[in-house]
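Student: The lines below spell out each chain.
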Amino acid sequence: MSKELSYLEAIREALAEEMRRDPKVFVLGEDVGPYGGAFGVTQGLHEEFGDLRVVDTPISESAIVGISIGASQRGYRPVAEMQFADFISCGFDQIVNQAATLRFRYGGRATVPIVVRAPSGGNVGGGLYHSQNPEAWFIHRPGLKVVAPSTAFDAKGLLKAAIRDDNPVVYFEHKYLYRRAKGPVPEGDEVVPIGVAATRREGSDVTLVAYGAMMTPSLEAADRLAKEGVEVEVIDLRTLLPFDKDAIFRSLDKTNRLLIVQEDVKTLGIGAEISAVVMEEKFDRLDAPVMRVAYPDTHPPFSHILEGANLPNADTIAAALRKLAAY
Amino acid sequence: MSKELSYLEAIREALAEEMRRDPKVFVLGEDVGPYGGAFGVTQGLHEEFGDLRVVDTPISESAIVGISIGASQRGYRPVAEMQFADFISCGFDQIVNQAATLRFRYGGRATVPIVVRAPSGGNVGGGLYHSQNPEAWFIHRPGLKVVAPSTAFDAKGLLKAAIRDDNPVVYFEHKYLYRRAKGPVPEGDEVVPIGVAATRREGSDVTLVAYGAMMTPSLEAADRLAKEGVEVEVIDLRTLLPFDKDAIFRSLDKTNRLLIVQEDVKTLGIGAEISAVVMEEKFDRLDAPVMRVAYPDTHPPFSHILEGANLPNADTIAAALRKLAAY
Amino acid sequence: MPPIKRTKFKLTSEQLLEMFYWLKLIRAFDERLSILVKQGKVRSGVYTGIGQEAIIVGTCFGLRREDFICPLHRDLGALLMKGVDARTMMSQMFAKTTGLSKGRDSALHSGVNELGIFGNTSMLGANLPVAAGLGYTFKMEKSDNVVIAYFGEGASNVGDFHEALNFAGVQQLPIVFICENNQYAYSVPLEKTMAIDDVAIRAEGYGFDGVAINGNDVLAVYQATQGALARARGGDGPTLIECKTYRWHGHSEHDKAFYRTDEELAMWKSRDPIPTFTTYLRARHVLDDQKLKEIESKVEATIEDAVEFASSAPDPSPEDAVSDLYA
Amino acid sequence: MPPIKRTKFKLTSEQLLEMFYWLKLIRAFDERLSILVKQGKVRSGVYTGIGQEAIIVGTCFGLRREDFICPLHRDLGALLMKGVDARTMMSQMFAKTTGLSKGRDSALHSGVNELGIFGNTSMLGANLPVAAGLGYTFKMEKSDNVVIAYFGEGASNVGDFHEALNFAGVQQLPIVFICENNQYAYSVPLEKTMAIDDVAIRAEGYGFDGVAINGNDVLAVYQATQGALARARGGDGPTLIECKTYRWHGHSEHDKAFYRTDEELAMWKSRDPIPTFTTYLRARHVLDDQKLKEIESKVEATIEDAVEFASSAPDPSPEDAVSDLYA
Ligand SMILES: Cc1ncc(C[n+]2csc(CCOP(=O)(O)OP(=O)(O)O)c2C)c(N)n1
Ligand SMILES: Cc1ncc(C[n+]2csc(CCOP(=O)(O)OP(=O)(O)O)c2C)c(N)n1
Ligand SMILES: [Mg+2]
Ligand SMILES: [Mg+2]
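Protein sequence lines correspond, in order, to chains A, B, C and D.
Be aware that the first sequence starts at 31, since it is given in our numbering, and climbs by one per residue.
Be aware that the second sequence starts at 31, since it is given in our numbering, and climbs by one per residue.
Be aware that the third sequence starts at 2, since it is given in our numbering, and climbs by one per residue.
Be aware that the fourth sequence starts at 2, since it is given in our numbering, and climbs by one per residue.
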């Protein structure tokens with residue numbers, strides 16, 4: 031357990047281990063073959079598993095997802111890579127209408143064990159089409175699961191869980207974390223279960239819920255607040271659909287105050303649903319309104335000045351926490 | 031003003047009048063030509079305006095939207111028809127990435143005056159792919175406008191406003207209302223402004239916010255509650271992006287109680303955002319939690335028994351209103 | 002591609018009679034459905050393939066259980082031939098729990114993996130990438146099973162068609178693509194949606210052969226398919242077979258099909274695949290009055306039994322609206 | 002299509018020198034950008050077209066202001082030739098307010114309608130339906146303006162390509178489709194993504210002509226384009242011209258391009274379009290040392306001035322991150 035991997039290496043190791051374990055697992059996408067993917071995630075896989083199980087596809091996002099669905103109907107467990115999460119819009123129909131509905135319209139007689147990997151998120155100078163956080167579209171679609179790891183440990187453990195899951199899973203891997211997040215990873219058959227959040231920091235004054243690259247500034251803000259005498263409990267959602275309502279509620283029962291931090295744009299990002307659910311089920315426990323710190327409703331600009339202005343950071347998060355604590 | 035039209039005729043009249051007024055307006059889509067569209071909305075237009083302005087396209091939703099965007103860059107105002115809103119998933123990328131972002135990335139030097147008409151909604155025995163309510167995906171995308179009329183008046187007035195608007199507008203027309211909703215329509219240059227809700231019924235006890243085909247059961251439920259001594263103020267959103275926060279807040283200031291009714295599935299439907307915004311800005315005015323009556327998180331089944339079980343109706347809405355009033 | 006020899010793949014008298022039975026059964030099934038719609042017993046989702054049966058019989062005849070088919074909205078007969086019994090099929094159309102979708106669908110959006118049947122969404126063309134995925138698994142397994150994927154000439158204009166056929170071509174997948182060219186996509190004749198006469202030539206752009214044949218001649222379809230299947234099973238990759246045909250009814254049972262002339266319909270009815278084949282069988286003394294009567298009563302009995310079964314089968318219960326979403 | 006005669010469309014010495022200037026300027030611009038990336042002055046979004054300049058110069062030369070171009074990620078030179086001045090262009094790459102996107106983008110996702118330049122998203126192929134829409138407006142106006150739409154051989158596998166070219170074919174739109182076939186899509190060689198040698202043959206599936214030419218011969222490109230433009234302006238519809246070429250640099254400036262051999266690169270460098278053209282001009286006494294020096298200093302001065310201008314131009318301010326979303 032002392033081995034440390036980067037988030038990116040953890041994803042790669044999950045793929046390699048699952049491919050070794052189960053010959054039905056294969057990967058496909060643009061440049062995933064000998065090149066090893068735009069970010070190097072699949073490096074070495076082609077050498078080990080060959081052309082048939084590490085498939086360089088044409089530029090055809092819709093087909094990449096559709097092919098995965100087809101293979102899944104014969105018992106395969108394809109892991110499709112979108113080169114950037116932004117391009118998932120081109121494979122959208124196959125995910126939301128083909129994959130998400132199949133089991134339902136088959137009367138429960140089939141499963142769709144596919145994973146769509148989507149490198150998402152900003153703060154990497156990517157601009158409008160290499161920085162998006164498209165998770166909410168999929169959280170809004172019944173029949174899918176959506177995960178978004180923030181640590182190397184979860185990156186590996188959630189990907190293994192996703193590959194073994196019999197439902198279509200959209201796996202958002204955050205580009206900013208690829209080489210920045212490092213840590214131990216699960217070994218052997220250990221997975222990180224889908225649907226279970228992780229408490230990254232205990233606290234009894236305010237609950238902060240975040241995920242992905244927002245964990246770092248969130249934890250930093252929590253540290254600052256601690257110095258000011260406010261103990262923030264920080265929850266890493268890890269799974270966005272279905273999200274771990276119980277974990278949030280348990281924490282809320284202690285703190286009675288909730289902040290949600292998301293890199294996604296504000297309107298109808300996951301924070302909206304969490305806020306609405308807390309409203310419905312925990313209204314009487316709230317000592318303050320649920321608040322959101324989010325990307326403004328705009329597109330990710332390239333300029334680092336502009337992107338910096340948009341991204342939530344420890345300052346903006348700390349300010350919101352202070353407001354909540356003082357409410 | 032005494033003329034009465036059906037909702038469907040109102041849409042048709044809006045198209046015809048705008049096409050007469052402005053030679054830059056044209057319509058395109060599958061079967062919109064001589065056939066007059068799957069629902070007959072464009073009947074007569076081909077005869078009046080000819081092949082060039084009433085374009086029968088190949089089955090190519092992505093191209094239909096892309097062509098519209100292209101034409102808009104030369105000053106045209108295309109109105110694209112998706113045969114069913116469900117198929118908008120096939121033109122998704124062009125809407126969310128091409129149309130919604132263009133003005134922003136052009137540094138404000140261009141506009142995208144297109145309308146995408148999308149016949150949406152259930153209760154017509156359409157099943158999984160002819161009943162969807164895909165509005166939330168677009169409400170989540172900055173740069174778009176989204177409207178959803180519930181009356182013949184608004185169907186005409188909002189479509190005229192959408193065509194004249196310089197931004198891309200997704201126009202959801204509810205199939206259930208096509209022949210069921212009837213009423214007077216605006217004449218001449220009168221439009222229904224985008225972004226302004228309508229109060230359909232005054233009341234001081236509970237605020238109910240809905241739109242589209244949910245207005246009828248909502249108003250029916252409000253009538254029932256009136257007999258029980260509870261006065262419900264019913265607001266028809268009409269525009270979903272940007273929605274009329276002020277109208278909701280004004281009503282809330284009277285009632286301190288809010289119910290949102292949506293035909294869309296619950297998780298991350300527009301109700302989530304409204305609830306979250308009210309939480310953020312009106313927490314102290316709330317006497318009860320904001321509640322939602324929504325489609326459950328599933329796909330629209332064909333069977334009328336199953337669809338009936340899913341659709342919000344006057345009973346389920348009235349029950350929620352009672353709960354709110356008694357809170 | 003070498004020209005098809007009608008005599009290359011020999012059929013016994015028994016096999017010929019079996020083909021005849023299927024033609025009659027499929028015709029009778031669709032005709033009964035058409036009546037059931039008028040009677041209000043089947044509510045929607047009925048797109049008959051009356052007039053096109055030779056394509057289904059000629060392509061599905063003799064397939065292995067392991068071979069996969071990816072049928073379309075008019076291809077109910079393909080499901081029957083691939084092993085779904087008439088009772089189940091009729092239950093599907095009645096939206097009963099004994100149908101493939103457990104009442105959630107009354108159209109052909111369901112499949113049976115054990116029988117090698119994929120059930121597509123409504124989205125035209127979306128079955129083709131799935132077919133590519135299925136075919137890819139056969140390639141991985143070095144198996145000589147095949148996939149038959151159907152699409153209308155209208156659907157050949159959808160992006161998914163292109164992405165799927167390109168992938169099938171470059172990967173040399175064991176797939177036979179069957180274009181059911183019935184001249185119209187809903188109301189729109191072929192010449193308004195593509196500037197070519199034969200969809201078959203599109204195959205060239207993907208590096209494999211395409212051929213256009215008489216789709217109303219069951220033996221011509223059979224011979225062409227057998228040739229393509231042999232190549233596919235032998236590792237020589239895909240073939241596109243375009244079957245020229247015509248649908249007698251409207252697009253759906255609600256469509257009066259005013260967009261075509263009576264003469265055109267009459268001309269095509271004179272090419273009815275069933276009498277043509279009857280004459281052929283009689284001339285070869287394979288069929289006589291006695292055998293014809295036997296087959297006709299078997300068909301009638303099967304349909305009657307199926308209708309009776311489906312009529313009295315249990316309706317789904319409200320819980321079925323939200324179950325079977327996740328495995 | 003009739004074979005291209007290199008001499009059919011005559012060019013004056015002045016015009017030939019102008020072409021030469023553009024070749025040199027575009028090369029110099031990209032080379033300078035490559036250095037600026039290494040120096041960290043331009044942060045990202047740089048995909049040079051070094052080695053492919055003959056395509057841009059040969060296709061854009063002599064276009065009318067009203068003609069539209071739909072360039073791609075490597076086609077910065079097309080924007081210059083169509084009238085964007087070097088300062089603005091360089092500012093765009095520096096993400097300054099003086100750029101086309103006001104600092105929101107440092108790539109080619111911006112256009113100028115007044116100059117007939119469309120700016121695509123990153124989504125490959127997505128510019129082609131837009132090109133069809135632009136072309137459709139010229140058809141509506143019975144104008145003899147044209148659209149030139151660019152795509153890589155890799156992008157010719159995207160669904161949008163198919164939908165757009167099909168629409169252009171059936172509507173006989175005045176569009177010249179230019180395939181920049183540089184043999185690779187990122188790391189993946191053409192033969193791994195399509196089973197054909199010439200993308201040009203895909204045009205047949207859409208009912209118009211395609212031709213494959215030497216994309217490194219600026220005069221060959223010019224002659225072929227002029228022929229296609231003449232047909233398009235004359236109402237004879239689209240043409241696809243496939244220009245065989247090679248990109249010298251990696252996919253982006255961060256790509257080391259290990260997926261290809263030094264020999265291959267060397268071979269293509271020996272076909273550098275610039276010396277070839279230089280020799281041609283010298284042999285015809287159009288170019289001498291004196292003129293060459295003049296042109297080279299003009300190029301250098303232009304680039305220097307542009308870099309200086311862009312370097313000292315104002316950065317965007319935080320508000321620009323959320324402005325210009327709506328008209
Ligand atoms: C992507 C998509 N767009 C539109 C439709 C609506 N629609 C259903 S069938 C049809 C016509 C199909 O024509 P064709 O492919 O030729 O098949 P046919 O019905 O003639 O057998 C249309 C437009 C759809 N189902 N899917
Ligand atoms: C829809 C889509 N998928 C993937 C990408 C990522 N991507 C950018 S350029 C590129 C390769 C493009 O190859 P080609 O079309 O041949 O153009 P070239 O770069 O060779 O000029 C890829 C895969 C993208 N931009 N859009
Ligand atoms: Mg057809
Ligand atoms: Mg290329």
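Just so you know, these hints were derived from the structure itself, not from any lab.
All C-beta atoms in this analysis are idealised placements derived from N, C-alpha and C, irrespective of residue type, glycine included.
It is possible that part of the hints are untrue.
Unchecked claim - Rough simulated footprint, nothing fancy, chain D against chain C, three-plus residues with beta-carbon under 8 Å:
id	stretch
1	153 to 164
2	168 to 174
3	195 to 209
Unchecked claim - A few chain B residues that don't get close to chain D, going by computed Cβ distances all over 12 Å:
id	residue
4	F69
5	R83
6	G121
7	R133
8	R135
9	D195
10	G338
11	A344
To be verified - Straight-line C-alpha distance at most 30 Å; calculated DSSO-like pairs for lysine-lysine:
id	chain 1	residue 1	chain 2	residue 2
12	A	K54	C	K140
13	B	K54	A	K312
14	B	K353	A	K275
15	B	K54	D	K143
16	D	K42	D	K270
17	B	K212	A	K353
18	C	K193	D	K143
19	D	K140	B	K54
20	B	K54	A	K284
21	D	K39	A	K212
22	A	K312	B	K353
23	A	K54	C	K143
24	D	K42	C	K143
25	B	K312	A	K275
26	B	K275	A	K312
27	A	K54	D	K39
28	A	K312	B	K212
29	C	K9	C	K193
30	D	K257	A	K212
31	C	K39	B	K212
32	C	K193	D	K140
33	A	K275	B	K275
Student: Work down the list of hints and note, for each, if the structure agrees.
Tutor: Evaluation of the provided hints:
| no. | hint | result |
| --- | --- | --- |
| 1 | 153 to 164 | holds (count 7) |
| 2 | 168 to 174 | holds (count 3) |
| 3 | 195 to 209 | holds (count 10) |
| 4 | F69 | 23 Å, holds |
| 5 | R83 | 8 Å, violated |
| 6 | G121 | 9 Å, violated |
| 7 | R133 | 6 Å, violated |
| 8 | R135 | 5 Å, violated |
| 9 | D195 | 8 Å, violated |
| 10 | G338 | 37 Å, holds |
| 11 | A344 | 37 Å, holds |
| 12 | K54/A x K140/C | 13 Å, holds |
| 13 | K54/B x K312/A | 53 Å, violated |
| 14 | K353/B x K275/A | 23 Å, holds |
| 15 | K54/B x K143/D | 14 Å, holds |
| 16 | K42/D x K270/D | 27 Å, holds |
| 17 | K212/B x K353/A | 50 Å, violated |
| 18 | K193/C x K143/D | 19 Å, holds |
| 19 | K140/D x K54/B | 13 Å, holds |
| 20 | K54/B x K284/A | 61 Å, violated |
| 21 | K39/D x K212/A | 27 Å, holds |
| 22 | K312/A x K353/B | 15 Å, holds |
| 23 | K54/A x K143/C | 14 Å, holds |
| 24 | K42/D x K143/C | 52 Å, violated |
| 25 | K312/B x K275/A | 24 Å, holds |
| 26 | K275/B x K312/A | 24 Å, holds |
| 27 | K54/A x K39/D | 43 Å, violated |
| 28 | K312/A x K212/B | 42 Å, violated |
| 29 | K9/C x K193/C | 37 Å, violated |
| 30 | K257/D x K212/A | 26 Å, holds |
| 31 | K39/C x K212/B | 27 Å, holds |
| 32 | K193/C x K140/D | 16 Å, holds |
| 33 | K275/A x K275/B | 27 Å, holds |
Against the hints set out earlier in the document, violations occur for numbers 5, 6, 7, 8, 9, 13, 17, 20, 24, 27, 28, 29.
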